[in-house]
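Please build the complex by placing chain B on the supplied structure of chain A, with the hints as guidance.
Chain residues, written in single-letter form:
Number of protein chains: 2
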Amino acid sequence: MKDFDMCPRFEAAVGLIGKRWTGLIIEVLLQQPQRFSEIAQAIPQVSDRMLAERLKELEGEGIVDRHVYPDTPVRVEYALTAKGRDLAPVMQALHDWANSWILVPTPK
Amino acid sequence: MKDFDMCPRFEAAVGLIGKRWTGLIIEVLLQQPQRFSEIAQAIPQVSDRMLAERLKELEGEGIVDRHVYPDTPVRVEYALTAKGRDLAPVMQALHDWANSWILVPTPK
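The listed protein sequences correspond, in order, to chains A and B. Heads up: the first sequence begins at 6 in this note's numbering, then just goes up one per residue. Heads up: the second sequence begins at 6 in this note's numbering, then just goes up one per residue.
In case anyone wonders, no lab produced these hints; they're calculated from the structure. Values in this document were obtained by computation on a predicted structure and should not be read as measured data. One or more of the hints may lead you astray.
One copy or any two copies: either way a pair holds, since identical chains are not told apart in the list.
Claimed, not checked - With a cut-off of at most 25 Å between alpha-carbon atoms, the simulated DSS-like pairs for lysine-lysine come out as follows:
id, residue 1, residue 2
1, 61, 88
2, 24, 88
3, 24, 61
One chain only, chain A, in its complex shape:
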């Protein structure tokens, strides 16, 4: 029997990344830090309200940092923290699996 001490951590991690849109937001930010409007453009299916909520959650989890640059007008960018960037191998493994096994839904 495997060591099940890890379960609470594992379940917490799955619960975090498994939330609707969270995976895609992390994907988009793995490319580079981006403004709210850029993230919204990259994931057109998510509403601004939902995106704002998810970004706040990810900030709370220490996965995303919100940087405010005092330009005129003020520039706000969202970037992954080290904890967030470390999710890259998880995302890659998920992509590999999805590419092998999940059928693409037909476009609308």
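Coordinates of chain B only, in the frame set by chain A:
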């Protein structure tokens, strides 16, 4: 900009694995095929009703196979399909990340 054609597949994969208990059930079955009662024992936090529901969903997704052996009494085992076993690298990546970044909740 990355190829976002993969998004629907990726989101489907995340949605599937991200459901509460699904990750843990896959974990348990990665060890070996098991009976319902054995899975239930390995994840004591999940109710029998919820476990039955999740196993049915995973069967529907082609991730779990339900094998009925005509012993007396009948023996029923749940096993991962090839699609399910291919999730092992995803689970491993998640474990590695969780072990580095997620604090273990204090035991009750």
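Hints, verified against the model:
1. 61 / 88: within (15 Å within a copy, 34 Å between copies)
2. 24 / 88: Classified as both; 17 Å inside a copy, 22 Å across copies.
3. 24 / 61: both (13 Å within a copy, 21 Å between copies)
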